[in-house]
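Trainee: Sequence lines, in order, name chains P and H. Using the numbering used here, you'd call the opening residue of the first sequence number 1 and step up by one each time. Using the numbering used here, you'd call the opening residue of the second sequence number 110 and step up by one each time.
These are computed hints drawn from the structure, not numbers from a lab. Hints may contain errors.
[What the hints assert, rightly or not] Straight line, CA to CA, 30 Å or less: simulated DSS-like cross-link-like pairs of lysine-lysine:
{"id": "1", "chain 1": "P", "residue 1": "K101", "chain 2": "P", "residue 2": "K69"}
{"id": "2", "chain 1": "H", "residue 1": "K166", "chain 2": "P", "residue 2": "K96"}
{"id": "3", "chain 1": "P", "residue 1": "K96", "chain 2": "P", "residue 2": "K52"}
{"id": "4", "chain 1": "P", "residue 1": "K3", "chain 2": "H", "residue 2": "K127"}
{"id": "5", "chain 1": "P", "residue 1": "K3", "chain 2": "H", "residue 2": "K166"}
{"id": "6", "chain 1": "H", "residue 1": "K127", "chain 2": "H", "residue 2": "K166"}
{"id": "7", "chain 1": "P", "residue 1": "K69", "chain 2": "H", "residue 2": "K126"}
{"id": "8", "chain 1": "P", "residue 1": "K3", "chain 2": "P", "residue 2": "K69"}
{"id": "9", "chain 1": "P", "residue 1": "K69", "chain 2": "P", "residue 2": "K96"}
{"id": "10", "chain 1": "P", "residue 1": "K52", "chain 2": "P", "residue 2": "K3"}
{"id": "11", "chain 1": "P", "residue 1": "K101", "chain 2": "H", "residue 2": "K166"}
{"id": "12", "chain 1": "H", "residue 1": "K126", "chain 2": "H", "residue 2": "K166"}
{"id": "13", "chain 1": "P", "residue 1": "K52", "chain 2": "P", "residue 2": "K101"}
{"id": "14", "chain 1": "P", "residue 1": "K52", "chain 2": "P", "residue 2": "K69"}
{"id": "15", "chain 1": "P", "residue 1": "K101", "chain 2": "P", "residue 2": "K3"}
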Amino acid sequence: DAKTTQPPSMDCAEGRAANLPCNHSTISGNEYVYWYRQIHSQGPQYIIHGLKNNETNEMASLIITEDRKSSTLILPHATLRDTAVYYCIVRVEDDKIIFGKGTRLHILP
Amino acid sequence: EADIYQTPRYLVIGTGKKITLECSQTMGHDKMYWYQQDPGMELHLIHYSYGVNSTEKGDLSSESTVSRIRTEHFPLTLESARPSHTSQYLCASSESPFWGANTGELFFGEGSRLTVL
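Chain H extracted, bound-state conformation (with noise of 0.2 Å):
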């Protein structure tokens, strides 16, 4: 069972208004994703981590920001929220190396799905 955790699920907030998303993971991983999500479209792929002090853009331009201070947390922060952020984020972690007994598989959390107004 995976053990990442991201919060809040959901929330609705006022264009301005600055949001962080946090993502928490108890496995140990080193690489960590964001994914943006709109309703029945794929996954867009908007930031990534290899490890602490390691934050690289996805292939979605996107005005959020990150950190890895810690390898356990991820959070993408929104300095200000417009309605066009309104979607699910989801995070993800995998283990490193891939081979052997490592599968190299994402662990997702939830999700958090985001409205602004």
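With the rest of the complex left out, here is chain P (with noise of 0.2 Å):
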């Protein structure tokens, strides 16, 4: 089973940030947290991991609370192709890698 509970679903307007949350809250001291989105039915594309600091990248920034046990990826400026099903993950390096049901995101003009 998925060790992240996410929104089944988010709405977002086009240019806005779209902030969308995970609840890990049986995380362990060596689980990283990695974001992944899939567009229809490719195959998913990483955004971002961290382990404790906040991340950012030029696709997005990953906020960790001090307790660890949630987490919120940050999509700066939202556009139309940003719409896509998140999937927010835990793992250590050798784990298996379940992706759960994720949060699919809808961008509106």
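Given two chains presented individually in distinct reference frames, assemble the corresponding complex, making use of the accompanying hints.
Mentor: Okay, here's the thing in structure tokens:
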């Protein structure tokens, strides 16, 4: 079973920031938080990952709470091309990688 | 850009036939995975491998089998296809270890869409 809980769907207006929450209350100290997204039926695309600190790259920002029990993926200026299913995963290096149901993000024009 | 390839992309086949879905990667990754996904549904891990001669079953029980004789190849075989095997099969690989310069991210192929009549 997936170790994370995400809302099944969210809407966001185009041009606004999309904030996608993820609960991982049972995360252990050596587990990383990864985010992927899947557009239509293509293979999921890596977005960002982190362990304890907040992270930012050209695609998104990842905010991890101090207790590491939850995180938020932020897409700063959502576009229609960001419409996808977003998956939050926790894993250690030699884990099998389980995706869960993810959040279906709709960007509204 | 990911260098992981799946063939065939689409396959329509009759019940009882043996099929092999090919997956190859040129990145030298030790870890490889097979996922099964029905339209609009979640990804299910069916097989994974940590390197040559290593294969493990995933969380979703599958009648398929896999082999890992070479690092770059991770083929999936169905000995006798049935309509219940109709689905999309996605292959992925990841680098290891995933600290330092490695992100540990998964790289996916474009998928093989199987239809069994």
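Trainee: Between P:K52 and P:K3, does the CA-CA distance stay at or below 30 Å?
Mentor: holds, 17 Å
Trainee: Does P:K96 sit within 30 Å of P:K69, going by the straight-line distance between their CA atoms?
Mentor: holds, 20 Å
Trainee: With the threshold set at 30 Å, check whether the alpha-carbon distance from P:K96 to P:K52 stays at or below it.
Mentor: holds, 21 Å
Trainee: Quick one, are P:K3 and H:K127 close enough, alpha carbons at most 30 Å?
Mentor: Not OK: P:K3 and H:K127 at ~35 Å, beyond 30 Å, violated.
Trainee: Are the Cα positions of P:K101 and P:K69 separated by 30 Å at most?
Mentor: Roughly 19 Å separates the two Cα atoms, so the pair holds.
Trainee: Next pair to validate is H:K166 with P:K96; report whether the Cα-Cα distance is within 30 Å.
Mentor: With a Cα-Cα distance of about 10 Å, the restraint between H:K166 and P:K96 holds, given a limit of 30 Å.
Trainee: Would you mind confirming whether the straight-line C-alpha gap from H:K127 to H:K166 stays at or under 30 Å?
Mentor: Given that 30 Å is the threshold and the Cα spacing comes to 20 Å, the pair holds.
Trainee: For the pair supplied as a hint, P:K52 and P:K69, is the alpha-carbon distance within the 30 Å limit?
Mentor: holds, 11 Å
Trainee: When you check the alpha-carbon spacing of P:K3 and P:K69, does it fall within 30 Å?
Mentor: holds, 11 Å
Trainee: For a C-alpha distance cap of 30 Å, please report whether P:K3 and H:K166 respect it.
Mentor: holds, 19 Å
Trainee: P:K101 and P:K3: Cα distance at most 30 Å?
Mentor: holds, 11 Å
Trainee: Given the hinted pair H:K126 and H:K166, is their Cα-Cα distance within 30 Å?
Mentor: With a Cα-Cα distance of about 23 Å, the restraint between H:K126 and H:K166 holds, given a limit of 30 Å.
Violated hints, listed in ascending order, are 4 and 7; each of the other numbered hints is respected by the structure.
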